[in-house]
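Undergrad: The chain contents come next:
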Amino acid sequence: MTLGLGIDTSFDDTAVSLVEDGRTILANLTVSQFAEHEEFGGVLPERASRLHIQQIFPLLDAAFQKAGRVPTALDYVAVTHEPGLMGSLLVGAAVGKAVAMALQKPLIGVNHLEAHVFAAWMDDETLKPPFLTLLISGANTILLDCRDFDDFRLVGGTLDDAVGECLDKCGRALGLSMPAGPALQELALKGNPRALRLPRPMLNKDNFDFSFSGLKTAVAYALRDNPELPPPDVAAALLAAAAEVLSKKTLRAAEMLGHDTIVVCGGVAANLQIREACDQLAENSGKQMVYPSLALCTDNAAMIAGLGWFHFKKGKRSAWDLPVRALTTWKRLHQPK
Amino acid sequence: MRILAVDTSAPATSIALWEDGVFAASLREEHRHPPSDAAFLYLQDLFNETGWSPADLDAFAVSVGPGSFTGLRVGLGMVKTFAWALSKPVFGYDAVEIAALRALDQVEPPSVDQPFVAVVLGLRGTHFSARYQVVEKGLMRSGDLHYDDDAAGLCARWGADSSFFLDQSAAKNETRKVSQPLSELLAPERLSLLGNAPSPAEALAAAAAKDLKSGETSDFDAVQPQYLKPFSVGRRAKKPGDLK
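Protein sequences appear in the order of chains B and P.
For what it's worth, our numbering labels the leading residue of the first sequence as 1, then goes sequentially.
For what it's worth, our numbering labels the leading residue of the second sequence as 338, then goes sequentially.
Isolated chain B, as found in the complex (with noise of 0.2 Å):
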């Protein structure tokens, strides 16, 4: 048995876990900080990280509690180093390597979206590498190759906008609380995405990039140019609008790296219409989608331990000055011409 503890506080959320050999969560506690930044209509970073360092160790001691287990009984401590808010993420860092440093046991940094990505296995073990991962939140809209779950490659990204960023304004213009992403999904069941016509960006570009800014800009427009349309219908059509694009090309990815398999997660990953977007185009072309489950798509300290676990195997381990980034660069893939 491996117990590890996970620590997350890469953006407004505080979030510890324990789990026992990569994948049997005892514990898996998060805060959300969102009613304290609701006020600015996103997350202010300086208040984010006096929230964190007040919030992690009454979070800490109940972790341990729930999960029955004393700290002197870990066998390592996997901690957020990239990417997210520079002071958000050092709270977490400098809390994960003092439990690290005082217990004398493994320090190991860990990719945030690296390891949504191992949360696809924590849910089904059967998932093998490799497979092409769909990343979709409110910060990153992001193809990548996985080789194995140290092994990455970046297929495409956004170069504006994350999806669910431009979901969460066009939402707000619509007169939604953010985040918007679930209000959004009811509404568009209820309307027709063909009332509006929207740009599908960059669908038909030959590459795997994204662009949602446009999107966005669209909806706005369109909003203040016939305020009388129904915003039913305008969620609809903006859903379908992103699934398109979204599908569309992540199948074209999968297709050019003959990848069977496609993993899609981060908060988005939960949309009803992506998902039947998606659902819809890898039926007619043989390839199986993945979704992790709801609890493990949203940010979570678990699959920070998950994938702490899959690196402590592995024998890899942080040093003490292991450094935080707000931004992480994996080697782009080179694309076939």
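Hints were generated in silico from the structure; no laboratory data involved.
If you're wondering where the values come from, they're calculated on a predicted model, not measured in any experiment.
In this text, a Cβ means the ideal position worked out from N, Cα and C, and glycines have one as well.
Just to be clear, a hint being listed does not mean it is correct.
To be verified - Distance ranges between label pairs, derived from CB positions:
| # | chain 1 | residue 1 | chain 2 | residue 2 | range |
| --- | --- | --- | --- | --- | --- |
| 1 | B | E255 | P | A559 | 17 to 25 Å |
| 2 | P | D556 | B | E39 | 29 to 37 Å |
| 3 | B | V70 | P | P525 | 42 to 50 Å |
| 4 | B | A319 | P | R478 | 36 to 44 Å |
| 5 | B | M178 | P | E526 | 54 to 62 Å |
| 6 | B | S293 | P | R494 | 52 to 60 Å |
| 7 | B | R153 | P | R494 | 56 to 64 Å |
| 8 | P | G496 | B | A183 | 56 to 64 Å |
| 9 | B | S32 | P | A559 | 18 to 26 Å |
| 10 | B | V70 | P | G552 | 22 to 30 Å |
Once you've looked at the hints, dock chain P against the given chain B.
TA: Okay, now just chain P, sitting in the frame of chain B:
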């Protein structure tokens, strides 16, 4: 009795390992940014130097600020986690009190019954200060901690005829010419610059040792960063309302 003390509130990280009245190892270094990379390396160096292991420690002391917001969180995160993981007491002291304690060890310390002002220089010319008095049992603070945006404000608050003890660890900020240096506003005999001995961490460790000896109990949850100064939101917008 062994104590680990850490101060990451200033541009120089200060760490000390204390054992029964003697400093087994102590270090004070200007760190590269961000501080979290450096502080753990420094601490590991000190453990290697002394041959101690973290489990040998009996208590912890940390500076809770005011000072660098991020620095405080790294220092508190580090020290509180040690205390949490090893189930040992942790004591927090504010940066101005540490400066005042260090003033007592200077060549010309403040005299008994004579109030003095301890000052810590923060970023962009901010001065954090409080008035203290040497009493039989040690130090007594009268009133609250204050911050002023420049040295002139500080002098106006306390009067130019007070005696000031200035923590010069952030003195490099004075060269940034963001505000008039305190030394230009005061008569030379009114201003004492705090030297390097004892370092902030050494003063912290000594304070924690004294508190432990007098039976003071530690309150883990109460050890929180003391930011004192409000932070601004964006370059122009200063209040949440401005953003709407």
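Undergrad: Which of the numbered hints are not met once you compare them with the structure shown?
TA: 1, 3
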